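The chain contents come next:
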Amino acid sequence: MSTVAESTLVKFDNVSFSYGNTPILKGANLAIPRGQVVAIMGGSGSGKTTLLRLIGGEIRPTAGTVHVAGEVVHELSRNALFTMRRKMGMLFQFGALFTDLSVFDNVAFQMREHSNLPEDMIRDLVLMKLHAVGLRGAHHLMPVELSGGMARRVALARSIALDPMLMMFDEPFTGLDPISLSVIGSLIRRLTDALGMTSILVTHDVQESLQIVDHVYFLADGKIVAHGTPDEVRQSDAPFVHQFIHGEVDGPVPFHYQARAYADDLGIQSGGN
Amino acid sequence: MQRTVMDFWVGVFVMAGIGALLILGLKVGNLTSYQGGDSYALLGNFENIGGLKIRAPVKSAGVVVGRVANIEFSLETYDAVVTLSMDSRYRFPKDTFASILTSGLLGEQYVGLLPGGDEAMLEDGERFIKTNSAMVLEEMIGRFLFNKAAGD
Amino acid sequence: MDVILIKQTAAVIQRIGHRTINSIWRLGCASHFILLVLLKSWTSFARPRLITREIYYAGVMSLVIILVSGLFVGLVLGLQGYETLQKFGSESAVGTLVALSLVRELGPVVAGLLFASRAGSAMTAEIGLMKATEQLSAMGMMAVDPVARVVAPKFWAGVFSMPLLAAMFSVMGVFGGYLVTVVVIGVDEGSFWSQMQNAVDFRYDIVNGVIKSCCFGVVITAIAVFEGFDAPPTAEGVSMATTRTVVTSSLAILGLDFVLTAFMFRGVA
Chain R
2 MSTVAESTLV
12 KFDNVSFSYG
22 NTPILKGANL
32 AIPRGQVVAI
42 MGGSGSGKTT
52 LLRLIGGEIR
62 PTAGTVHVAG
72 EVVHELSRNA
82 LFTMRRKMGM
92 LFQFGALFTD
102 LSVFDNVAFQ
112 MREHSNLPED
122 MIRDLVLMKL
132 HAVGLRGAHH
142 LMPVELSGGM
152 ARRVALARSI
162 ALDPMLMMFD
172 EPFTGLDPIS
182 LSVIGSLIRR
192 LTDALGMTSI
202 LVTHDVQESL
212 QIVDHVYFLA
222 DGKIVAHGTP
232 DEVRQSDAPF
242 VHQFIHGEVD
252 GPVPFHYQAR
262 AYADDLGIQS
272 GGN
Chain L
115 MQRTVMDFWV
125 GVFVMAGIGA
135 LLILGLKVGN
145 LTSYQGGDSY
155 ALLGNFENIG
165 GLKIRAPVKS
175 AGVVVGRVAN
185 IEFSLETYDA
195 VVTLSMDSRY
205 RFPKDTFASI
215 LTSGLLGEQY
225 VGLLPGGDEA
235 MLEDGERFIK
245 TNSAMVLEEM
255 IGRFLFNKAA
265 GD
Chain H
31 MDVILIKQTA
41 AVIQRIGHRT
51 INSIWRLGCA
61 SHFILLVLLK
71 SWTSFARPRL
81 ITREIYYAGV
91 MSLVIILVSG
101 LFVGLVLGLQ
111 GYETLQKFGS
121 ESAVGTLVAL
131 SLVRELGPVV
141 AGLLFASRAG
151 SAMTAEIGLM
161 KATEQLSAMG
171 MMAVDPVARV
181 VAPKFWAGVF
191 SMPLLAAMFS
201 VMGVFGGYLV
211 TVVVIGVDEG
221 SFWSQMQNAV
231 DFRYDIVNGV
241 IKSCCFGVVI
251 TAIAVFEGFD
261 APPTAEGVSM
271 ATTRTVVTSS
281 LAILGLDFVL
291 TAFMFRGVA
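Protein chains in written order, with my numbering: chain R, 2 to 274; chain L, 115 to 266; chain H, 31 to 299.
Please note: incorrect hints may appear among the correct ones.
To be verified - Below 25 Å or equal to it, Euclidean Cα-Cα: the simulated SDA-like pairs (lysine to any residue) are:
(1) Lys224/R / His68/R
(2) Lys244/L / Glu222/L
(3) Lys141/L / Val98/H
(4) Lys141/L / Leu130/H
(5) Lys141/L / Ile215/H
(6) Lys167/L / Ser221/H
(7) Lys70/H / Asn80/R
(8) Lys88/R / Thr23/R
(9) Lys70/H / Cys59/H
(10) Lys88/R / Met166/R
(11) Lys27/R / Ser17/R
(12) Lys88/R / Pro176/H
(13) Lys141/L / Lys70/H
(14) Lys70/H / Arg54/R
(15) Lys70/H / Thr84/R
(16) Lys88/R / Gly197/R
(17) Lys224/R / Gln208/R
(18) Lys141/L / Met294/H
(19) Lys141/L / Arg83/H
(20) Lys141/L / Phe232/H
(21) Lys173/L / Ser122/H
Said to hold, decoys possible - Taking CB as the label site, the calculated pair distances span:
(22) Gly135/R / Thr264/H: 28 to 34 Å
(23) Gly135/R / Met270/H: 36 to 42 Å
(24) Phe102/H / Ser153/L: 56 to 62 Å
(25) Pro253/R / Thr50/H: 44 to 50 Å
(26) Gly58/H / Glu120/R: 41 to 47 Å
(27) Gly138/R / Arg117/L: 22 to 28 Å
(28) Leu209/H / Leu215/L: 31 to 37 Å
Rather than coming from a laboratory, the hints here were simulated on the basis of the structure.
Computed from a predicted structure; not experimentally measured.
Think of the CB as a built atom: it goes at the ideal place given N, C-alpha and C, for glycine as much as any other residue.
Chain R extracted, bound-state conformation (with noise of 0.2 Å):
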C-alpha cells in the first residue's frame, strides 16, 4: 500500500475505539519501523493494551485504520488474519502459558498445530528455542513447577517458535524481581536484533524499557501525547513526559478523580443543609 512507507511495519492511523459508551482511544498515530524495539508507555488504564489487541486483530477499531505489514487489519478474512498471526508474536502479561501442558510441549505447541515437521526436527527446534532464553534444562516442567521469571521467559520462547516478524510484549516486566527484569529486558534486546524482529513493548516500566528500546510512544488520554528516542524523552521538559519519567504525584495526571468542589461535597458552603 502506497501511503505506508517499506520500512514501517505497524501504522495507527487516526484510531478511536470504545468498549460500549466508553472511549479508550480517541485517534491515535503511530508509525513503527522495522527491526526496532519501541516502548509504548501510558499509565494504567490508557488502552496500552488496546493497541495491542488491535494489531493482533481481536478487536476492531471503532474509526480509523490499523495497517500491518501494508494490510488494513480489520479488513482482512478470517483465514487470511489467522495467517498474519502466524507471523507475529505475543507475551501476555503473566506468560499464559497452558497449565495443562509441560514446557516442552508449550514451545512445541505452535509447530504441531500449524506445521507438519516431524516430531524429531521440533524436538530440536524446541530445544534451540528453550536455549535462547537460556531455559534448555526446564524442558520437562509442568508450568506451575516455574517462577514467575521462568514462566515469562518460557512464554517467550513459546512466542518465538515460529519465528514471527513482530513480536508484543503486554508489560513483560510486571511483578518480576530485579535480576529476572535484567533477564528479560536483555533478551527481548538481543532476540529482537538477532531474529531480525520488530517489537512492541507495552509497559510502564520506565527505567528498564529506556536502557532497551529504540524509540519510546507515550500514551494519555487516548492519543499519543509524545514521543522519542530514549536520551529524548530523558531530556524533556514537556510536562506530561516529566511526570511520568519521573513518578510524580500531581502533574498533568492529577492525582484527584474528577470531582465537584471539595467543599461542596462536604457541605461546608451555606448551600447544603
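With chain R held as given, fit chains L and H onto it using these hints.
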C-alpha cells in the same frame, strides 16, 4: 507414559460403558425375546377388554408370541378392536380362539391364543373369528349370586 | 399516594421485563455459541486424541462417584421396595421395581445430576481459568481457534460419556437391589430376574432411558462450556460461573426429564 495410562483408562471406561449397555439389554431387559422388524399384524374384536393395555403380551401355551400394538374403539361394531403385533416365526390357524385372560388373581391381563384345527393360516391384517372378552369381576360376582339365588 | 404506587408497580414490571429480556438474550448467546462449537467440531474429529483426553477427565474421573452412588441408590430402592411390596405379598416384583425406576428415571437423572456437579463444573472452571489467565487469548494469537481446540473436544467428550455413565449407574443400581433383596433378604433369585425381564421392555424402557441420558449429556456439556467461555475473566467470575453451571444444568435436567417422560411414556403401560 502419561499418554498410555490415559489411553488405558479411557479404554476401560468405554468398554465398561458398552458392557453396561449390553447388561441392561440382555440381563435386565428382554432383548433376547425382542422381535425386531419381523412381525405381522392380526386384529381381534372384543366386547370388553377389561384392563388390557398396549404392550401387554400375547401368549399361546404360555409362550410369548407377540404383543398388543394398538387398542381402538370401533364405531361400526361398537366394540374394541385390538391390533396384535405377532412374531413372524409363529403362525396360527384361521379358527384360532383369542381371549383376554388374567395372570394370577390380580395380575396383568394378556391375550391368550388357543389354536384351532383349520388348515389355512391367518395372514397379515386378518381378523380372529372367535374371541372371548375379559372377565370383569363385578359381572362374575353378579352371575354367581344370580345362579346361587336361582339354585336355592 | 397513588402516584407512588403506580411508580412502584411500574418498577416491578420493568424489572420483570428486564430479567426476561436478559435471559432470552443469554439463551440466544448460548445457542449461537453451541452452533459455533458444532460448526468447528471437525478439528476434534480429525484429532481423536483431543477427545480422548477430555473423556478421561469427564468420564473416567466421574466413574467412582457414579458407581458408588448407583450401588447405594440400588440398595435403598431394594430395601424400601421390599418393605412395601411385602405387605401385598408380591415381594418377588421388587426386581421389576428396582429395574424400572433405574432404567427409566433414576439412572439418567441422578447420573446426570452427578455428572453436572462433577464433570460439568470442572469443564466450566477449566475453560474459565484458561480465559482468566489469557490462555485462550494466547491460543487465538497463535492462530489456533480456542473454540475448535479447547471447547469442541470437551463438548463431544461430555456428550459421549454421559450415556455410558448413566448405563453404568443403572447396572450398579440393579446389582445393589439384587444384593440387598436376593442375597441379604432372600427373595427368590429366579423370580427376581424373570419378573424384571418380563416387565422391562428393551425398546420402551432401555432405549428411552439411553435417549434421555444422551439428551442430558448434550444439555449439561452445552451449559458447562458456554458458562466457562462466557465467564468474566476473574477469580470471582469463574467461581460464579461454576456455580451457575451446576444450578442451571440441574434444573435443566429435571425440567427436561419431565418433558421427555411425558412424551416417551404417555399412554404406555
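So, going through the hints one by one against the coordinates:
For a cut-off of 25 Å, the pair hint linking Lys224/R to His68/R stands: about 17 Å separates their Cα positions. Straight-line distance between C-alpha atoms of Lys244/L and Glu222/L comes to about 22 Å, which keeps the hinted pair within the 25 Å bound. In summary, the hint linking Lys141/L to Val98/H is supported, as the alpha carbons are separated by about 21 Å, within the 25 Å threshold. Taking the CA atoms of Lys141/L and Leu130/H, the gap is near 13 Å; set against the 25 Å cutoff, the hint holds.
Between Lys141/L and Ile215/H the alpha-carbon distance is near 21 Å, which keeps this suggested pair within the 25 Å criterion. Restraint check for Lys167/L and Ser221/H: satisfied, since their Cα atoms lie roughly 23 Å apart, inside the 25 Å limit. The hinted pair formed by Lys70/H and Asn80/R meets the criterion: a straight-line CA distance of about 14 Å does not exceed 25 Å. Distance hint between Lys88/R and Thr23/R is unfulfilled; the C-alpha atoms sit about 31 Å from each other, more than 25 Å.
Our distance criterion of 25 Å between C-alpha atoms is met by Lys70/H and Cys59/H, whose separation comes to about 17 Å. Between the alpha carbons of Lys88/R and Met166/R the distance comes to roughly 6 Å, so the proposed pair stays at or under 25 Å and holds. The hinted pair formed by Lys27/R and Ser17/R meets the criterion: a straight-line CA distance of about 5 Å does not exceed 25 Å. Under the criterion of a C-alpha separation no larger than 25 Å, the hint pairing Lys88/R with Pro176/H is consistent with the structure, at around 18 Å.
Restraint check for Lys141/L and Lys70/H: not satisfied, since their Cα atoms lie roughly 40 Å apart, outside the 25 Å limit. Distance check on the hinted pair: Lys70/H and Arg54/R sit about 23 Å apart at the alpha-carbon level, within 25 Å; holds. Between the alpha carbons of Lys70/H and Thr84/R the distance comes to roughly 18 Å, so the proposed pair stays at or under 25 Å and holds. A distance of roughly 13 Å separates the Cα atoms of Lys88/R and Gly197/R; the hinted pair therefore holds under the 25 Å criterion.
With a C-alpha separation of about 22 Å, the suggested pairing of Lys224/R with Gln208/R holds against the 25 Å cut-off. Distance hint between Lys141/L and Met294/H is fulfilled; the C-alpha atoms sit about 22 Å from each other, no more than 25 Å. Using a Cα cut-off of 25 Å, the hinted pair Lys141/L and Arg83/H is violated, with the two alpha carbons roughly 32 Å apart. Simply put, Lys141/L and Phe232/H have alpha-carbon atoms about 11 Å apart, close enough for the 25 Å limit, and the pair holds.
Straight-line distance between C-alpha atoms of Lys173/L and Ser122/H comes to about 22 Å, which keeps the hinted pair within the 25 Å bound. As the Cβ distance of Gly135/R to Thr264/H is approximately 33 Å, the hint placing it in 28 to 34 Å holds. Range check, Gly135/R to Met270/H: Cβ separation about 40 Å, and the 36 to 42 Å hint holds. In this structure the supplied range 56 to 62 Å is violated for Phe102/H paired with Ser153/L, their Cβ-Cβ distance being about 40 Å.
Judged by the Cβ atoms, the range 44 to 50 Å given for Pro253/R and Thr50/H holds: they are separated by roughly 47 Å. For Gly58/H paired with Glu120/R, a C-beta distance near 44 Å keeps the hint of 41 to 47 Å intact. At roughly 23 Å, the beta-carbon separation of Gly138/R and Arg117/L lies within the given 22 to 28 Å, and the hint holds. Take Leu209/H and Leu215/L: their Cβ atoms lie about 35 Å apart, and the range 31 to 37 Å holds.
Hints 8, 13, 19 and 24 from the list above are not met by this structure, while the remaining hints are.
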